[in-house]
Amino acid sequence: DGGITQSPKYLFRKEGQNVTLSCEQNLNHDAMYWYRQDPGQGLRLIYYSQIVNDFQKGDIAEGYSVSREKKESFPLTVTSAQKNPTAFYLCASSIDLGGEQYFGPGTRLTVT
Amino acid sequence: KNEVEQSPQNLTAQEGEFITINCSYSVGISALHWLQQHPGGGIVSLFMLSSGKKKHGRLIATINIQEKHSSLHITASHPRDSAVYICAVVTRNQFYFGTGTSLTVIP
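First to last, the sequence lines map onto chains A and B.
First residue of the first sequence? That's 1 in our numbering, and the numbers climb one at a time after it.
First residue of the second sequence? That's 1 in our numbering, and the numbers climb one at a time after it.
Please note that the accuracy of each hint is not assured.
[Unchecked claim] Each pair of labels, with its calculated beta carbon distance range:
no., chain 1, residue 1, chain 2, residue 2, range
1, B, Ala76, A, Ile95, 29 to 39 Å
2, B, Glu17, A, Thr20, 42 to 52 Å
3, A, Gln17, B, Ile106, 39 to 49 Å
4, A, Gln17, B, Ser7, 23 to 33 Å
5, A, Val52, B, Gly42, 43 to 53 Å
6, A, Thr20, B, Pro107, 39 to 49 Å
7, B, Ser50, A, Gly16, 37 to 47 Å
8, B, Lys55, A, Asn28, 24 to 34 Å
9, B, Asn2, A, Asp96, 21 to 31 Å
10, B, Thr75, A, Asn84, 36 to 46 Å
11, B, Gly42, A, Ile60, 15 to 25 Å
12, A, Glu62, B, Glu3, 13 to 23 Å
13, B, Thr75, A, Gly63, 37 to 47 Å
14, B, Val44, A, Gln56, 23 to 33 Å
These are computed hints drawn from the structure, not numbers from a lab.
Note that CB positions come from ideal geometry on N, CA and C, so glycine has one too.
Using the sequences provided together with the hints, build the complete structure.
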């Protein structure tokens, strides 16, 4: 079955540690996205990638980094520079930029 | 100021009722999306619209480009429709999201 997967579902880290969230898709989509969702707020774009080996900052990229070495994979690293990393992180993909998005199940990150 | 505003924020309905969720936006768009987020957090795309109206089962989405407004209608609502409904607009390949409408359908 085609789809988009994120792992793990829940992640706990100590403050000061970097952590990498996985996102994989087998939909053959060119575009991939990372969003953050906080309670009572809409989704906010962290980074997006239109094509392999290319990515662009979204609205809240500070404290995050990404890579897009393969079409299927778009991992997100939450660095120790991110001031409030505890949140729900969603990955999505679409055939092309701006198209209908398919979302992963999300990773809930808690940093203490 | 949020580029996308949804109303109402919260909505409770009896099973079988007709439901309308509204979305207004302030930017020029190439498309508008309606998304559904269930309590577990997963999000499903319901519609992508650039004009007119689309129907899928009991769900209908309309958009008025001149008025910068879209509505999502649910006919014969059912408890399994309980979820957060999110409106998102696309402009210059950027997505802007509303904060969502939380719908609870009571049996």
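Checked hints:
no., hint, in the structure
1, B:Ala76 with A:Ile95: 29 to 39 Å, "holds, 32 Å"
2, B:Glu17 with A:Thr20: 42 to 52 Å, "holds, 45 Å"
3, A:Gln17 with B:Ile106: 39 to 49 Å, "holds, 44 Å"
4, A:Gln17 with B:Ser7: 23 to 33 Å, "violated, 41 Å"
5, A:Val52 with B:Gly42: 43 to 53 Å, "violated, 26 Å"
6, A:Thr20 with B:Pro107: 39 to 49 Å, "holds, 43 Å"
7, B:Ser50 with A:Gly16: 37 to 47 Å, "holds, 46 Å"
8, B:Lys55 with A:Asn28: 24 to 34 Å, "holds, 28 Å"
9, B:Asn2 with A:Asp96: 21 to 31 Å, "holds, 26 Å"
10, B:Thr75 with A:Asn84: 36 to 46 Å, "holds, 41 Å"
11, B:Gly42 with A:Ile60: 15 to 25 Å, "holds, 22 Å"
12, A:Glu62 with B:Glu3: 13 to 23 Å, "holds, 21 Å"
13, B:Thr75 with A:Gly63: 37 to 47 Å, "holds, 44 Å"
14, B:Val44 with A:Gln56: 23 to 33 Å, "holds, 25 Å"
Taken one by one, the earlier hints fail for this structure at numbers 4 and 5, listed in ascending order.
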